[in-house]
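As they're listed, the protein sequences go chains A and B.
The numbering of the first sequence is my numbering, which starts it at 1 and goes up by one.
The numbering of the second sequence is my numbering, which starts it at 1 and goes up by one.
Treat the hints as calculated values from the structure; they're not laboratory data.
C-beta: ideal position from N, C-alpha, C; glycine also.
Just so you know, not all the hints are guaranteed correct.
Said to hold, decoys possible - Short, incomplete list of chain A residues facing chain B, as computed with Cβ under 8 Å: (1) Phe90; (2) Ile227; (3) Trp268; (4) Pro286; (5) Tyr287; (6) Pro291.
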Amino acid sequence: MNVSGNKFSQESKERERCEELAKSSSFYRKVYSEIEEIGWEPLRRLGGDLSFFSFHILDKKRRAHILEIQLDRDYPQSPPSVSADVPYMFTLEWSTSSGLKDVMYQFQKHLDNLQEFWSVLDDIDKSLCVVDTKQPSRASPVRRIHAGNDCIVIVHINFDDPNSLPECRFIGPVHMNNLYMIWRRNNKKWSKEKSFPENLECILGMELPKPMNLQAEDDHQQIECGICYAQFLPTDEELGARSGTRTDYTCENISCNKSFHSLCLTDWLRSITTRQSFDVLFGNCPYCSDPVAVKINNK
Amino acid sequence: MALSKIACNRLQKELLEWQRNPPTGFKHKVTDNLQRWIIEVIGAPGTLYANDTYQLQVDFPEHYPMESPQVIFLPPAPMHPHIYSNGHICLDILYDSWSPAMTVSSICISILSMLSSSPEKQRPTDNDRYVKNCKNGRSPKETRWWFHDDKV
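In isolation and in its complexed conformation, chain A is listed as follows:
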């Protein structure tokens, strides 16, 4: 009685373990084939147990976004959880027959919806002096804009209607009251036809300070390739269709941020011992030694 009971429980444990193994191996297979479907190139980070990873996605205006995905063990029964640098997340439509490709598709559509919102933000970040951070966030609809004379205007962009009159608050010494009064008097003049900076300057009746970074110098530095020192590849038979192309790869370490032609970088990585998987070469940035992954372009 005792013996057979023991045997019985052992068998059921064994079965459980087998089921567990079969379940996880089918999980790996599923996730792997779904990543394959999307392609390995946009993949940026991958957890060892395939339960989390991130994809690098360009929107219509070629702004880069990172989509982070986390999977539960019972995926695809339960939907993946997703996060990204966006002001609000979309509601994932999910059925058991859905896959990662559907997530990517829905995210891309969500990005499309936000294009106008980001164009407004980009306009502000490019032509006004934004004071909060070095790298203003794409997720935040708030910008603190330097208005001269120690005054700060805090604007809150409506992401459903980004070209409409924004919510504005003014911070600064006593004389900023004047600015506030001007704003209240004139804000009916806000026009959806004008750009955000134009509108703000027009309503306040003054020229606003420009961004303070040393853009001219930086731009010059960043568009040249850190290996061949040129912005454009030369025209050469050997280079074929890539003759004359611009730098197209940037080191992701923000404090390095060096630009390269992916051709120059792959040539260099190939000349030293380097790891390759599918058509992606892995190595280190020649400047900061941070890891880089660059796709091999076929001629």
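Given the structure of chain A, go ahead and fit chain B onto it with the hints provided.
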């Protein structure tokens, strides 16, 4: 082998930058040969090599900067524990540790710092054996170097 277009373009920019901002203690001898630079080195004041002048010969490969340039001292080479009498220099960045982030100018600075930190004017201990093994005109890039000493 002649320089590739990419190498030629990069060297012209390096030369321009050198002329604008030459490294202290070095003089580029003007020639019309972009592929071989002759550079005069003046020993740093306050070191064993103060006021000595030497000449470096820098030859660039077809696919510079994917490969390092070949750098040797023209005779007479300075007496130094890492410089052989045939002008070959034992310095890791000229071989295994080269990276396209380096430049002729940064190499020169490394060489001068190597000279400046030397405790005595002396040849490497294996000088005679090494020089004998380097048959006529062999490049130091063909040598398998051991970088055993990082103090000098």
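Task: Unmet hints by their number, sorted upward, for this structure - done: The structure conflicts with hints 1, 6, although it agrees with all the remaining ones.
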